[in-house]
Amino acid sequence: MADETPKAAQLLAKINYTPQAKQWMDVPVQIRKGMYCYAGNPKSLEYLGFPNARQWNPVEEDWKLPENWQQILHEGFKERLERFRSIKVFMDICVRCGACADKCHFFIGTGDPKNMPVLRAELLRSIYRNDFTTAGKLFGKLAGARPMTLEVLKEWWYYLFQCTECRRCSLFCPYGIDTAEITIFGRELLNLLGLNIDWIATPAANCYRTGNHLGIQPHAFKDMIDFFCDDIETITGLKPEPNFNMKGADILFVTPSGDVFADPGTYTCMGYIMLFHYLKEKYGLKVTWSTYASEGGNFGFFTSHETMKRLNAKMYLEAKRLGVKWILGGECGHMWRVIHQYMDTMNGPADFLQEPVNPITGTKFENAKSTKMVHIAEFLADLIKHGKLDLKPERNDNKILTFHDSCNTSRGMGMFDEPRYVIQNVANHFYEMPANTIREQTFCCGSGSGLNAGENMEQRMAGGLPRANAVKYVHEKFGVNMLACVCAIDRAALPPLMQYWVPEVQVTGLTELVANALVLPEEQERTTDLRGEPLPGMEEADE
Amino acid sequence: MNKFYLSSLLAVLVLALIAWVGAPALPWLFGIVVPYLAVLCFVVGVSRRVMGWSRSAVPFAIPTTGGQQKSFDWIKSNKIDNPSTKFAVVIRMALEILTFRSLFRNTRMRMTPEGRLAYNMEIFLWAGALAFHYAFLTTLIRHMRFFLEPVPWCIQLIENVDSFFRVEISYNPIQFGLPGIYMSGLVLLGAVIFLFLRRVLLSKVRYISLASDYFPLFLIMGIAFTGILMRYFNKVDLIAIKELTMNLVTFKALLSFKVPAGISPLFFIHLLFVSTLLAYFPFSKLMHMGGVFLSPTRNMTANTREVRHVNPWNYPVKVHTYAAYENEFREKMFEAGLPLEIMPEDSTAEEGKE
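Protein chains in written order, with my numbering: chain E, 1 to 543; chain V, 544 to 897.
For the record, the hints were derived by calculation from the structure and aren't laboratory data. Please note: incorrect hints may appear among the correct ones.
[What the hints assert, rightly or not] Sample of chain V residues at the chain E side, in silico, Cβ under 7 angstroms: (1) Lys613; (2) Thr628; (3) Phe630; (4) Tyr662; (5) Thr844; (6) Arg848; (7) Val850; (8) Lys875; (9) Leu881; (10) Pro882.
[Unchecked claim] Simulated crosslink set (SDA-like; lysine to any residue; CA at most 25 angstroms straight-line): (11) V/Lys785 / V/Phe690; (12) E/Lys388 / V/Ile618; (13) E/Lys247 / V/Glu869; (14) V/Lys801 / V/Leu569; (15) E/Lys154 / V/Lys747.
Every residue gets a Cβ at the ideal spot worked out from N, C-alpha and C, and that includes glycine.
Hey, can you work out the whole structure from these sequences and the hints?
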């Protein structure tokens with residue numbers, strides 16, 4: 001964590017929810033260290049074929065923009081108003097009632113009034129009114145219009161990368177105005193000028209080339225998985241042999257590559273491997289991984305609709321090439337937003353796949369019959385419901401759990417009870433956080449939509465405040481020591497967040513919990529969990 | 544003091560002054576021409592706006608899912624907030640439009656001195672908004688009595704339900720009556736004042752408010768206020784007004800171009816306010832009335848993996864194909880024992896051929 005990041009108490013003391021007694025247009029933007037991410041690497045932009053790839057620095061005066069940048073933005077805006085009814089309607093109908101104001105985690109964590117969702121959208125609306133509406137042209141500032149200037153552009157960039165597209169505000173909006181939609185659109189416009197952040201541009205380029213966000217090449221990807229198999233052997237005495245790029249497998253499995261590379265996601269990854277090993281041994285199910293489509297997470301989603309489509313295309317292409325029946329998706333947030341609401345439209349119809357049926361239970365996944373992709377929590381819930389997994393939940397008895405709903409699987413999908421059902425069947429101690437902070441009202445981890453870089457730690461810790469605050473509550477009330485989630489960004493972002501606000505709480509994926517409880521055929525007696533920590537009652541044996 | 548609401552207030556006062564001074568001199572302008580133009584502006588403007596929205600594509604199905612999805616029959620799904628059928632969407636939209644359901648969820652966040660965040664139910668905005676809109680609607684329906692002859696029973700029924708404290712003594716020597724007091728008018732004025740005070744007093748809402756937020760509030764305040772004045776305090780000649788309104792609605796006014804004599808200037812202020820509101824409507828945020836029906840986060844089914852949504856402008860994009868990927872990493876994949884489409888030796892042979 002960067003040294004300059006304020007301590008938790010300082011950060012808390014800094015928050016002031018009363019805005020200056022001015023009108024927002026009169027408050028100039030200040031791009032502050034710790035609150036922004038570094039500019040996109042020009043090589044990454046070039047690799048993806050994005051315009052205006054160059055070295056630039058957000059805190060410098062000159063952003064090295066093309067001469068006609070205002071015109072590019074105006075044209076881009078105009079084109080998208082025709083392409084997206086959402087944008088056109090959302091530009092016109094906001095009444096500024098303020099219901100969304102205190103729903104945003106970035107506003108709650110920073111008190112910066114321009115983090116009120118209504119204002120984030122007004123940043124764009126003010127230009128829209130100026131450029132495209134009669135009232136704006138006639139009455140200017142009185143009608144909330146202002147011309148596009150470099151100042152405004154900087155304000156756009158700063159605040160559009162202080163939104164994690166979590167959609168919490170959209171839930172409360174009487175017209176369903178969705179700031180995620182505004183941010184997606186705004187970032188797409190910024191990309192026309194080569195204005196991106198490196199934590200998005202470089203992973204997007206890497207995903208495009210190697211299939212995963214860190215740019216790990218296929219052989220190294222396989223090495224990582226093999227490495228987990230060694231660890232699994234140490235713990236269970238059994239060495240799984242996962243399939244890679246296997247033609248004729250039953251199911252293609254795609255998960256965010258974050259799980260392959262960083263703790264504690266790696267334990268979730270081990271969980272997947274053990275689950276598939278179990279299903280192969282017990283029921284003969286053939287699941288394959290792919291090194292080509294080795295990234296479920298879609299950094300294109302934070303760039304533009306086109307980039308999202310380009311990255312997402314790999315899943316269907318690979319499923320077709322391998323001739324699998326359907327696709328199983330791992331634990332990830334925005335990956336699931338893309339799969340659930342975009343994939344079939346963009347890259348479908350997937351008529352070369354079969355309507356997904358669980359070959360072990362016979363369950364038809366009716367809700368996935370067109371996209372033909374099933375969430376691992378749905379798959380697990382179905383297996384458990386039919387008693388197909390041999391589980392010892394007591395192995396998780398030293399974990400006092402709560403569950404963090406990811407923004408995207410919540411408000412872009414509605415998957416709430418499947419993961420809870422799974423948790424309650426693989427663990428015995430589970431407590432919910434307060435009602436206003438879970439399920440459809442869940443709070444973001446503060447680092448979503450490509451903001452989990454290192455240089456913006458203050459922003460991340462501030463944005464994660466509401467989530468951490470709710471965890472702290474159940475930690476103090478019920479002794480919760482483990483925060484479960486179904487998202488790879490969460491697994492990367494929540495541990496430092498917990499470290500910062502509630503250091504006693506650790507983070508786990510859902511499938512890690514399942515694998516801890518799962519009894520593999522002919523396994524040795526386990527003494528540790530997947531993390532090498534002694535199992536409950538095995539503290540002695542570990543010595 | 545805030546220049547945004549001062550300018551709006553000033554604009555409304557100027558409108559009142561114009562009507563006050565101008566109407567007695569040019570009754571045909573304020574009584575016939577302006578209202579007709581306003582209605583025309585409203586109808587054309589609203590239609591153009593709505594058609595403009597409809598012309599824009601809906602490329603993706605992006606409903607905000609506010610409840611459990613439909614997955615297994617043993618998991619209870621939230622049919623309204625995560626609608627998987629068209630019928631459920633209709634219910635969701637109806638509740639949204641008729642009861643402001645999303646706004647009803649509203650909470651107020653506060654931080655305790657110990658740094659704990661708490662979220663409490665916040666019902667006032669919802670209640671104020673609901674009161675405002677329904678009072679406005681009732682008032683609007685009541686006013687239909689000015690445009691219909693005879694007045695239909697349903698409007699009289701609404702008037703009866705809406706009014707209280709009606710006193711009528713029709714004993715021959717004394718004829719005495721007090722008009723019933725309409726709740727809708729009072730509630731409308733009260734709610735609009737509440738919405739205004741909220742904007743001025745809550746620092747966050749003040750920060751985001753524009754002149755175009757204050758202007759319609761003052762205008763509606765003016766409409767309600769002049770309406771109440773005319774009804775209870777400064778009685779106007781209702782017979783003359785009804786003659787005018789009937790002439791307007793039957794287009795007789797266009798032929799005769801005459802405004803009945805004896806109409807108080809107060810009525811013309813009221814009428815100019817209403818005309819301004821109608822003309823201003825299509826160019827303002829008031830279009831939320833139409834827009835709420837077209838919001839893709841609310842009016843789409845959420846069964847997006849079950850039924851494919853079609854994007855009318857979907858176009859092919861450049862993708863990194865498996866072949867290109869294998870070409871780049873073939874040697875390494877081979878050494879790692881990963882399956883290949885083309886073996887390294889074949890690929891060099893093929894390259895040789897080229």
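Which numbered conditions among the earlier hints are violated in the structure presented, ordered from lowest to highest? 2, 3 and 5
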